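Protein chains: 2
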Amino acid sequence: MRPKLEDVAKHANVSKTTVSRVLNNRGYLSQKTIDKVNQAIEELNYQPNVVARQLYNKKTNIIGLLFPTVANPFFGELAEALEKKLYEKGYKVLIGNSMNDSKKESDYLNQLLSEQVDGLIVGTHNQGIQEYKYENLPIVAIDRVMNEDIPVIESDNYQGGKLATKVLIDHGAKNIIHTNGPIELETPAKRRRLAYEETMKAHDLIPNTVTLDFNISYQEKKKIFYDLFESYPGIDGIFASNDMDAALILQVAKEKNIRVPEDLLLVGYDGTLMTRSILPDLTTIIQPIDEMAEMAITILMKRMDKKETEKEYILPVTLWQGNTSKKTPAN
Amino acid sequence: MRPKLEDVAKHANVSKTTVSRVLNNRGYLSQKTIDKVNQAIEELNYQPNVVARQLYNKKTNIIGLLFPTVANPFFGELAEALEKKLYEKGYKVLIGNSMNDSKKESDYLNQLLSEQVDGLIVGTHNQGIQEYKYENLPIVAIDRVMNEDIPVIESDNYQGGKLATKVLIDHGAKNIIHTNGPIELETPAKRRRLAYEETMKAHDLIPNTVTLDFNISYQEKKKIFYDLFESYPGIDGIFASNDMDAALILQVAKEKNIRVPEDLLLVGYDGTLMTRSILPDLTTIIQPIDEMAEMAITILMKRMDKKETEKEYILPVTLWQGNTSKKTPAN
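Residue numbers (the working numbering), protein chains in the order written: chain A, 9 to 339; chain B, 9 to 339.
Honestly, the hints are just simulated from the structure, not real lab data.
Heads up, some of the hints might be wrong.
One copy or two, either will do: identical chains are not told apart, so a pair holds if it fits within one copy or between any two.
Claimed, not checked - Computed list of lysine-lysine pairs in DSSO-like fashion (alpha-carbon distance at most 27 Å, straight line):
#	residue 1	residue 2
1	K319	K97
2	K230	K97
3	K198	K262
4	K314	K264
5	K100	K314
6	K314	K92
7	K198	K97
Note that this is a predicted model, so its numbers are computed, not measured.
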């Protein structure tokens, strides 16, 4: 019987992952480990599939996308934009949904890596995963802080947070709540929160950020928003962290007979084509999805060509002025 | 230099695809072609990567999903449901967006096949692609008629079309338009159209189905709906082929000061969690996404175990009675 990968691992007294990394020349490994694995490969006369792979074209022409969930319209439209643009350049995409689960994210990453994609575009929200340190795989991140080596493409979250807060204040809201994700996550979206809190303080208003988990259902979220109105009966403005949350808040307000914009001003975030088409009344901050996709691809291609790139690319956001934030300051 | 796949192809005077098919034992090939390719492999002493692959575990534990676009909430939620359930069973998913482009669909299919997924769940809308005839890859289709060998999981589109049309008629609408995709496509959604047309005729009403292309933008669709109201000023009911279209129609009606439900009754289709959460007023037909995902996986697993399956699995739909279809028959 021919030797298997796991035989090599056993022989060298290392994990299968380590053998795989040596074979693919990826990840941080000591020279000692590399030598030990190579020796085991020789002694067992193991024939790895990479050799066979190199008989083919070495490029796979596949770009991996790793997103929390494409069921969120922001990621759905981002995935679509990336797919269209990459296809025009001769690449296909394969998408993994991490569901913001770091175990899942890590599994997908290993899988995508072991399937040898030419590059990876990551838009997930989990904390630093070691696999992102794989050395020879070009990676760019969208709207997420990875590690120092990986360039991040993002929209101007600080400016977006400021615009959103300002539009509420300018139209007369004083008791403004901001909903955001857990503070531990290292996302550029944290800057929206910072901008909100700084802008509130600059106007002598008290910031109040309510954190929501990502993975809860629409029904659970609605329940939280119901409770929010109970806990803070004086709310007159909400800056929601995304448009889906804003749409749910609109719905809850309607069911509770809270009039928007008369009693409550509301601003969302993301401004996808879908939201603007089916809920054009919702004031929101538009993230430039198409430009972000374009930039992510440009930077990824640079990385694939071993060219130097910046660490961060910040693209401008714009305000979509709907009717949910219009109220005369006198009111 | 070691021989490559293309050297084998040249030597045997066949395409690279044909060589790949022989190596993977897939697709319809004559014995003559198979012999010719095998002879070329022997003469050149070509070593295909499948051999090396078999040194590893033969299972990839990856299921491929091929959908038109995850930017549509129905497919976004379906992909999420499939991903969650498959992950629990130890599988990961990779998603390809075909954008209803048969060239793209075919490219993805070849790619997914060449990456040797363990199985494939297809929800695209294009016409018969030859690759679906690959023999050794377990495939199930969702909401799409493939070929005779591939089981289809679908919701009860005829019943859904009938329910949608009935609710409009029961509330007093007479000039009812149905929007649907191009009639050439062999989708079970065609049964919605059939149900609409038969139900209209059974009530002595004249059916009028307007066909829309899939790949047009929200803006283009809105333009079409604007024109629709111009062309048919007497419309008092619309059965839209999906909720996104219904949401756009709601928006166009609002902009044209057509009151819903007073002047126009409206029913959508799909009833995703998202639609029901952010647009609960929209009457729609709920496709049981979760159950469809569950069934698709059960059937795929059966196919992977070489067990027999039915040709078609039809799951029940339900009516979501919102306010867009409520009008007293007297009106």
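Handout entry: Identical-chain pair category, K314 with K264, by Cα at 27 Å
Key = neither (56 Å within a copy, 54 Å between copies)
Handout entry: Identical-chain pair category, K319 with K97, by Cα at 27 Å
Key = Classified as within: same-chain Cα gap 24 Å, cross-chain 38 Å, threshold 27 Å.
Problem - Within, between, both or neither: K198, K97 at alpha-carbon 27 Å - result: neither (33 Å within a copy, 35 Å between copies)
Problem - Identical-chain pair category, K198 with K262, by Cα at 27 Å - result: neither (29 Å within a copy, 36 Å between copies)
Problem - Identical-chain pair category, K100 with K314, by Cα at 27 Å - result: within (21 Å within a copy, 30 Å between copies)
Problem - Alpha-carbon proximity between K230 and K97, which holds within one copy, between copies, both or neither at 27 Å - result: Cα proximity of K230 and K97: none, with 42 Å in one copy and 30 Å across.
Handout entry: Copy assignment of K314 with K92, given that the CA separation must stay at most 27 Å
Key = within (24 Å within a copy, 36 Å between copies)
Hints 2, 3, 4, 7 from the earlier list are contradicted by this structure; the remaining hints agree with it.
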